[in-house]
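Build out the structure end to end from the sequences listed, making use of the hints.
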Amino acid sequence: NAGVTQTPKFRILKIGQSMTLQCAQDMNHNYMYWYRQDPGMGLKLIYYSVGAGITDKGEVPNGYNVSRSTTEDFPLRLELAAPSQTSVYFCASSGTGGADTQYFGPGTRLTVL
Amino acid sequence: QKEVEQNSGPLSVPEGAIASLNCTYSDRGSQSFFWYRQYSGKSPELIMFIYSNGDKEDGRFTAQLNKASQYVSLLIRDSQPSDSATYLCAVTSGNKLVFGAGTILRVKS
Chain C
315 NAGVTQTPKF
325 RILKIGQSMT
335 LQCAQDMNHN
345 YMYWYRQDPG
355 MGLKLIYYSV
365 GAGITDKGEV
375 PNGYNVSRST
385 TEDFPLRLEL
395 AAPSQTSVYF
405 CASSGTGGAD
415 TQYFGPGTRL
425 TVL
Chain P
38 QKEVEQNSGP
48 LSVPEGAIAS
58 LNCTYSDRGS
68 QSFFWYRQYS
78 GKSPELIMFI
88 YSNGDKEDGR
98 FTAQLNKASQ
108 YVSLLIRDSQ
118 PSDSATYLCA
128 VTSGNKLVFG
138 AGTILRVKS
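Those protein sequences? They're chains C and P, same order as listed.
Per this note's numbering, the very first residue in the first sequence carries number 315; after that it's consecutive.
Per this note's numbering, the very first residue in the second sequence carries number 38; after that it's consecutive.
Honestly, I wouldn't trust all of these hints.
[What the hints assert, rightly or not] No more than 30 Å apart at the CA atoms, straight line, and that leaves these computed lysine-lysine pairs for DSS-like: (1) Lys39(P) x Lys358(C); (2) Lys104(P) x Lys358(C); (3) Lys133(P) x Lys371(C); (4) Lys371(C) x Lys358(C); (5) Lys79(P) x Lys39(P); (6) Lys323(C) x Lys79(P); (7) Lys93(P) x Lys371(C); (8) Lys133(P) x Lys145(P); (9) Lys93(P) x Lys358(C); (10) Lys371(C) x Lys39(P).
Don't read these hints as lab results, they were simulated from the structure.
Following this line, the structure appears as structure tokens:
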């Protein structure tokens, strides 16, 4: 099992550009999450999904969009990138939601200049 | 907004000592509590979870929960330099986890 995979590992964007961060899991988990982590800070939830076709906002959703067309994939879309979106982005998955262990991908380090 | 508070540290302990990491949370409805370890530049990995009041031991790690005081702690016995990392406390809020900012632990040999 690969677990949770994320691509790319690193990316530099110019202000106003758009991109999609990819996340995939092979554990047949229903729940998937996107977090951002700023230096010295904890993880802030951007969006989450409880199954294919179902997504909901987290704590910091502005400037991002998600979709969940399959159980395996949960891409995060950044539209009109801003310097405030410079961060490390982690995708995670769990089998049964909040009370279950979340497994994290390796992260994507994004810089917006 | 549900909150999870941790002392940012760094907490410095000598090798072989007990490291004590603390966490308080604001949501009295939280049912599950997790400790994740995060090495610099890496993703978080689960160390322990606890659901019931009291202590839960796993090897050198002991998680303690006091729901009345809304307090969770993690004890690391016989601390090793390899334990040096950031420790994140996480608390359930419905289908989600709310994370604290983490405590930096440094174990000096």
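Structure-based check of each hint:
no., hint, verdict
1, Lys39(P) x Lys358(C), "12 Å, holds"
2, Lys104(P) x Lys358(C), "24 Å, holds"
3, Lys133(P) x Lys371(C), "11 Å, holds"
4, Lys371(C) x Lys358(C), "11 Å, holds"
5, Lys79(P) x Lys39(P), "26 Å, holds"
6, Lys323(C) x Lys79(P), "11 Å, holds"
7, Lys93(P) x Lys371(C), "33 Å, violated"
8, Lys133(P) x Lys145(P), "35 Å, violated"
9, Lys93(P) x Lys358(C), "27 Å, holds"
10, Lys371(C) x Lys39(P), "15 Å, holds"
Of the numbered hints listed earlier, those contradicted by the structure are 7 and 8.
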